[in-house]
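**Student:** Based on the sequences and whatever the hints tell you, model everything.
Each chain is listed here by its residues.
There are 2 protein chains.
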Amino acid sequence: MKPILLNAFSMNCVGHIHHGMWTYPGDRSADFNQLDYWLDLARTLEAGLFDGLFLADILGVYDVYRGNIDLTAREAIQLPVNDPLMLISAMASVTRNLGFGVTANLSYEAPYPFARRFSTLDHLTGGRIGWNVVTGYLDSAARAMGHTAQQQHDRRYDQADEFLDVNYKLWEGSWEEDALDNNPARRRYADPDKIHLINHRGEFYQMSGYHLSAPSPQRTPLLFQAGTSRRGIQFAGRHAECTFVNGSTPEAMRDKTRLLRQAAVDAGRKPGDIKIFMGVGVIVAPTARQAREKRDHYLAAASPEAGLAHFSSSINIDLARFGLDQPISMAPGGGIESVSSTYSGWTRRQLLDQHALGSRYPIITGDPAQVADALIRWADEGDIDGFNLTRIVNPQSYQDFIQLVVPELQQRGRYKTAYTPGTLRHKLFGSDRLPERHPAARWRHPYTTTQGA
Amino acid sequence: MKPILLNAFSMNCVGHIHHGMWTYPGDRSADFNQLDYWLDLARTLEAGLFDGLFLADILGVYDVYRGNIDLTAREAIQLPVNDPLMLISAMASVTRNLGFGVTANLSYEAPYPFARRFSTLDHLTGGRIGWNVVTGYLDSAARAMGHTAQQQHDRRYDQADEFLDVNYKLWEGSWEEDALDNNPARRRYADPDKIHLINHRGEFYQMSGYHLSAPSPQRTPLLFQAGTSRRGIQFAGRHAECTFVNGSTPEAMRDKTRLLRQAAVDAGRKPGDIKIFMGVGVIVAPTARQAREKRDHYLAAASPEAGLAHFSSSINIDLARFGLDQPISMAPGGGIESVSSTYSGWTRRQLLDQHALGSRYPIITGDPAQVADALIRWADEGDIDGFNLTRIVNPQSYQDFIQLVVPELQQRGRYKTAYTPGTLRHKLFGSDRLPERHPAARWRHPYTTTQGA
Numbered sequence: 001m002k003p004i005l006l007n008a009f010s011m012n013c014v015g016h017i018h019h020g021m022w023t024y025p026g027d028r029s030a031d032f033n034q035l036d037y038w039l040d041l042a043r044t045l046e047a048g049l050f051d052g053l054f055l056a057d058i059l060g061v062y063d064v065y066r067g068n069i070d071l072t073a074r075e076a077i078q079l080p081v082n083d084p085l086m087l088i089s090a091m092a093s094v095t096r097n098l099g100f101g102v103t104a105n106l107s108y109e110a111p112y113p114f115a116r117r118f119s120t121l122d123h124l125t126g127g128r129i130g131w132n133v134v135t136g137y138l139d140s141a142a143r144a145m146g147h148t149a150q151q152q153h154d155r156r157y158d159q160a161d162e163f164l165d166v167n168y169k170l171w172e173g174s175w176e177e178d179a180l181d182n183n184p185a186r187r188r189y190a191d192p193d194k195i196h197l198i199n200h201r202g203e204f205y206q207m208s209g210y211h212l213s214a215p216s217p218q219r220t221p222l223l224f225q226a227g228t229s230r231r232g233i234q235f236a237g238r239h240a241e242c243t244f245v246n247g248s249t250p251e252a253m254r255d256k257t258r259l260l261r262q263a264a265v266d267a268g269r270k271p272g273d274i275k276i277f278m279g280v281g282v283i284v285a286p287t288a289r290q291a292r293e294k295r296d297h298y299l300a301a302a303s304p305e306a307g308l309a310h311f312s313s314s315i316n317i318d319l320a321r322f323g324l325d326q327p328i329s330m331a332p333g334g335g336i337e338s339v340s341s342t343y344s345g346w347t348r349r350q351l352l353d354q355h356a357l358g359s360r361y362p363i364i365t366g367d368p369a370q371v372a373d374a375l376i377r378w379a380d381e382g383d384i385d386g387f388n389l390t391r392i393v394n395p396q397s398y399q400d401f402i403q404l405v406v407p408e409l410q411q412r413g414r415y416k417t418a419y420t421p422g423t424l425r426h427k428l429f430g431s432d433r434l435p436e437r438h439p440a441a442r443w444r445h446p447y448t449t450t451q452g453a
Numbered sequence: 001m002k003p004i005l006l007n008a009f010s011m012n013c014v015g016h017i018h019h020g021m022w023t024y025p026g027d028r029s030a031d032f033n034q035l036d037y038w039l040d041l042a043r044t045l046e047a048g049l050f051d052g053l054f055l056a057d058i059l060g061v062y063d064v065y066r067g068n069i070d071l072t073a074r075e076a077i078q079l080p081v082n083d084p085l086m087l088i089s090a091m092a093s094v095t096r097n098l099g100f101g102v103t104a105n106l107s108y109e110a111p112y113p114f115a116r117r118f119s120t121l122d123h124l125t126g127g128r129i130g131w132n133v134v135t136g137y138l139d140s141a142a143r144a145m146g147h148t149a150q151q152q153h154d155r156r157y158d159q160a161d162e163f164l165d166v167n168y169k170l171w172e173g174s175w176e177e178d179a180l181d182n183n184p185a186r187r188r189y190a191d192p193d194k195i196h197l198i199n200h201r202g203e204f205y206q207m208s209g210y211h212l213s214a215p216s217p218q219r220t221p222l223l224f225q226a227g228t229s230r231r232g233i234q235f236a237g238r239h240a241e242c243t244f245v246n247g248s249t250p251e252a253m254r255d256k257t258r259l260l261r262q263a264a265v266d267a268g269r270k271p272g273d274i275k276i277f278m279g280v281g282v283i284v285a286p287t288a289r290q291a292r293e294k295r296d297h298y299l300a301a302a303s304p305e306a307g308l309a310h311f312s313s314s315i316n317i318d319l320a321r322f323g324l325d326q327p328i329s330m331a332p333g334g335g336i337e338s339v340s341s342t343y344s345g346w347t348r349r350q351l352l353d354q355h356a357l358g359s360r361y362p363i364i365t366g367d368p369a370q371v372a373d374a375l376i377r378w379a380d381e382g383d384i385d386g387f388n389l390t391r392i393v394n395p396q397s398y399q400d401f402i403q404l405v406v407p408e409l410q411q412r413g414r415y416k417t418a419y420t421p422g423t424l425r426h427k428l429f430g431s432d433r434l435p436e437r438h439p440a441a442r443w444r445h446p447y448t449t450t451q452g453a
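These protein sequence lines are chains A and B, in that order.
For the first sequence, the working numbering puts the final residue at 453, and the numbers step up evenly by one.
For the second sequence, the working numbering puts the final residue at 453, and the numbers step up evenly by one.
None of these hints come from the bench; they were simulated from the model.
Be a bit skeptical, because a hint or two may be false.
Below 16 Å or equal to it, Euclidean Cα-Cα: the simulated EDC-like pairs (lysine to aspartate or glutamate) are [unchecked claim]:
#1 A:K194 / A:E177
#2 A:K2 / A:D273
#3 A:K194 / A:D178
#4 A:K194 / B:D70
#5 B:K427 / B:E46
#6 B:K194 / A:D70
Chain B side only, calculated, beta carbon under 8 Å to chain A, not exhaustive [claimed, not checked]:
#7 H123
#8 S140
#9 Y189
#10 M207
The model shown is predicted, which means the values in this text are computed figures rather than measured ones.
Note that CB positions come from ideal geometry on N, CA and C, so glycine has one too.
**Tutor:** So this is what it looks like as structure tokens:
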């Protein structure tokens with residue numbers, strides 16, 4: 001019986017997944033600009049032995065619904081949204097084991113400073129940083145970056161492949177393992193013969209430089225990815241160590257996890273080289289009846305319409321244009337491809353029901369035993385490794401889970417009772433570094449001439 | 001008598017200014033990847049009522065001296081160098097008043113995510129963030145960013161002018177002052193009518209987007225700048241709130257400060273709208289003799305040659321090519337212009353003497369009264385507002401200063417005895433926001449049509 005892995009799923013903003021819940025009494029989501037809010041959260045999660053805090057991010061705004069940002073602003077649908085990377089060192093300073101998976105869109109970044117940013121965080125966290133690789137899907141982001149349109153979907157993945165290769169070269173190849181000497185007596189901090197110039201001439205990127213950071217505990221950050229299109233799964237099979245997948249049933253989930261693990265095998269890796277996480281919301285109380293009552297209170301605060309406004313951007317279709325009972329055909333290629341295909345033909349009424357709690361994420365409601373049963377069924381029948389737990393009420397949802405569900409899972413032997421020491425990758429995979437079969441490893445040995453070349 | 005302002009001058013690396021001093025017993029510079037090192041530093045500086053911690057940064061490596069990075073690696077001359085922005089939230093979480101001035105090179109950044117990064121830090125620090133505006137001067141950075149060469153010196157400032165304008169629009173103009181409502185009862189977190197689309201079509205930048213962050217305590221971060229070329233001074237006169245200037249004597253300094261304050265007036269601002277800081281190293285002990293002994297110990301650990309390797313990149317001339325007593329002519333336009341003009345005609349021997357403590361920064365050595373005398377003379381005769389205090393031995397230099405010099409300056413009424421509450425800008429200028437006469441203010445009132453335009 002595999003232990004179940006657990007991330008808290010959050011974002012540096014007010015409304016993340018369960019839209020409208022910022023209005024619920026006691027919800028702290030609007031405190032996101034206070035450092036104490038994040039320090040409290042990090043401490044709470046570490047006390048609950050969470051593997052990580054997974055931080056989503058978005059560049060751009062949700063302006064598809066009614067063609068404006070009215071509801072986005074009113075319900076704080078991921079707007080305002082602040083830079084998640086700026087939060088990490090503060091939370092790292094009050095924790096010792098909690099991992100941090102941070103979303104960063106590579107489409108508008110240059111590898112040279114980007115690699116340094118993550119190396120810096122890997123150093124400061126003692127090897128607890130992960131990067132959720134995304135390429136973005138919002139036209140509003142492209143316009144804000146000075147482009148007239150986004151790059152076409154599959155081309156974004158081609159660019160991402162190359163972006164990762166350049167970063168692998170910097171992270172894994174520029175400094176040899178023992179390049180750092182830190183020897184005052186010999187007056188040698190680093191050995192110049194073991195620091196290598198990275199020369200890259202590719203289709204999307206060109207560079208010639210030394211990585212600015214010395215080798216960090218994990219070198220390459222733990223790699224998260226969430227693509228579920230055909231090209232996205234191929235990409236995940238090649239690069240991802242953790243993926244984030246949603247499915248409507250455990251059976252549907254198993255189909256997806258099979259594809260993902262096969263994609264890893266196709267890329268010369270092993271099925272278990274990818275840990276698969278599913279997003280879920282949990283409403284738990286000491287009794288099933290109390291849990292249902294809690295859910296009813298939550299439903300009253302949530303905004304299904306705000307959920308639909310968010311969803312409109314995900315599929316790049318203004319859902320306000322459709323009658324309540326009119327089936328909605330979703331053109332492939334707009335927004336997030338796999339989402340469009342799942343919901344094609346649904347009516348707006350069905351989608352509103354689906355978004356009753358402000359999102360389309362699956363919700364588990366029950367007493368601790370019922371919740372544990374459901375999670376274990378998802379894990380075992382869906383062949384997933386863990387969950388990204390949404391914040392329905394923030395931070396109450398996490399506190400409830402820690403108080404009620406964690407002990408239940410521990411009793412059943414399905415949740416750790418202490419952290420494994422070491423880096424985030426070591427905790428999940430038993431090694432600080434990516435295995436030799438991962439594509440990053442090929443850049444590990446000096447492959448360029450040294451300086452001056 | 002104006003109180004003297006004080007920043008600690010540091011960097012997210014081992015060797016910053018006084019090269020070679022990482023070898024001095026007890027120096028903690030090589031701990032820069034440990035969060036505790038930075039938390040300790042922040043607490044120390046706040047206990048000493050420092051106005052700020054000023055963090056330098058560099059993209060690129062010093063590869064001009066002997067045409068390689070041999071000495072750069074051995075003496076850790078700003079290599080490795082990690083991202084300073086990643087340090088801020090941790091230090092902010094253990095302080096309440098210390099400001100943070102962080103260097104960030106704009107040449108390779110896009111305004112949209114850049115503006116968000118600083119807004120995020122302004123929120124998280126409660127308005128204690130400053131940005132030191134630099135455009136870079138290293139060819140190695142240009143190559144690492146995929147360019148064959150840097151942009152020409154004055155063109156970099158043209159680009160910087162426009163970069164700042166776009167950022168001002170985002171910081172000052174996109175969200176009206178009262179756009180945030182945070183009213184659960186009305187279900188209105190923000191008022192969409194008060195969030196404005198920024199449309200910019202310029203020579204260097206194009207964008208169309210809403211700023212992603214709500215108004216932060218200072219909106220525009222406190223603006224530092226250090227340019228001292230003719231074009232740099234013009235730029236500072238227009239934008240800078242704090243500048244960083246070096247001069248060999250108080251008289252020479254006064255000439256520079258006069259130019260700077262005149263440049264502010266020429267740009268429609270007031271002479272006092274710019275606070276001028278000078279970089280200085282202080283070696284202090286209870287008696288003058290002890291201070292001299294301390295200096296002798298320091299001199300034995302320092303590396304004048306490493307100082308010259310750093311300096312070679314500053315002037316873009318390989319000083320290893322010159323005989324010890326051969327006058328060195330420095331071509332204008334290479335490296336940092338004002339530096340080149342100051343040292344033209346010097347010999348390598350003179351430069352090595354100048355870099356006895358690993359750098360060309362002025363050093364004040366003495367007992368507390370002597371140091372206070374010297375600082376006050378620089379301040380009053382040079383018409384400067386404060387000092388960026390280097391770390392000769394780290395953090396001993398700061399501790400010595402706090403223990404011995406701060407009380408002396410306080411006794412003379414030249415140093416604060418408590419912090420003024422409020423944001424960093426409020427502490428220095430009495431206002432959270434830039435004054436109406438600053439160019440940022442012109443974007444403060446909605447100037448574009450609202451969303452959908």
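**Student:** Confirm or reject each hint.
**Tutor:** Status of each hint after checking the structure:
1. For the given pair, K194 of chain A sits about 8 Å from E177 of chain A by alpha-carbon distance, which is consistent with the 16 Å threshold.
2. Only pairs whose Cα atoms come within 16 Å are accepted, and K2 of chain A paired with D273 of chain A is accepted, the gap being roughly 15 Å.
3. About 8 Å separates the Cα atoms of K194 of chain A and D178 of chain A, which keeps this hinted pair within 16 Å; it holds.
4. At roughly 10 Å between alpha-carbon atoms, K194 of chain A and D70 of chain B fall within 16 Å of each other, so this suggested pair holds.
5. For the proposed pair K427 of chain B and E46 of chain B, the alpha carbon gap of about 14 Å is at most 16 Å, so the pair holds.
6. With a C-alpha separation of about 10 Å, the suggested pairing of K194 of chain B with D70 of chain A holds against the 16 Å cut-off.
7. Interface hint status for H123 of chain B: upheld, as the beta-carbon distance to the closest one in chain A is roughly 4 Å, under 8 Å.
8. Look at S140 of chain B: its Cβ gets to within about 7 Å of chain A, closer than 8 Å, so that hint holds up.
9. The interface hint given for Y189 of chain B is met, as the beta carbon of that residue sits about 4 Å from the closest beta carbon of chain A, less than 8 Å.
10. Evaluation of the M207 of chain B hint against chain A yields a held restraint, the C-beta minimum of about 5 Å falling below 8 Å.
Checked against the numbered hints given earlier, the structure satisfies every one of them.
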